[in-house]
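Based on the sequences and whatever the hints tell you, model everything.
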Amino acid sequence: MDLENQRRTEELSAKVNRLKHLTIDMDKEIKGQNTYLDSMGFDFSSTASLIKGGAGRITGMLNSGKSNRKVMFYTILALVVGFMVLYKLFMRVRA
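Taking UniProt numbering as reference, the numbering of the sequence shown is continuous, increasing by one, and the terminal residue is 95.
The hints are simulated quantities; they were obtained by calculation from the structure and are not laboratory data. Predicted model, so just to flag it, every value in this text is computed and none were measured. Treat the hints loosely; a few may be bogus.
Said to hold, decoys possible - No more than 25 angstroms apart at the CA atoms, straight line, and that leaves these computed lysine to aspartate or glutamate pairs for DMTMM-like:
#1 Lys52 x Asp38
#2 Lys15 x Asp25
#3 Lys15 x Asp27
#4 Lys15 x Glu29
#5 Lys28 x Asp43
Structure below.
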């Protein structure tokens with residue numbers, strides 16, 4: 001009877017030890033993921049502020065009148081030509 005109790009106690013101790021190590025590993029993983037998510041949140045907020053600033057500049061350029069329309073035209077033209085060149089390059093690489 002004592003041997004049976006001792007065997008079961010050892011089995012229970014082994015299970016508790018495995019659970020302890022599992023929870024320690026989970027804690028480390030969760031802390032690592034929280035750190036990663038915090039850094040991603042900072043990256044997203046800085047990207048959002050950059051986009052907001054760019055949109056504000058474009059809005060200001062559009063509202064400024066005729067003086068910047070020429071600049072806006074050349075900017076749009078350069079973007080369209082740039083996208084066309086990139087498209088041609090990607091199609092050439094694919095073939």
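Hints and how they fare:
no.	hint	in the structure
1	Lys52 x Asp38	holds, 21 angstroms
2	Lys15 x Asp25	holds, 15 angstroms
3	Lys15 x Asp27	holds, 18 angstroms
4	Lys15 x Glu29	holds, 21 angstroms
5	Lys28 x Asp43	holds, 23 angstroms
Taken one by one, the earlier hints all hold for this structure without exception.
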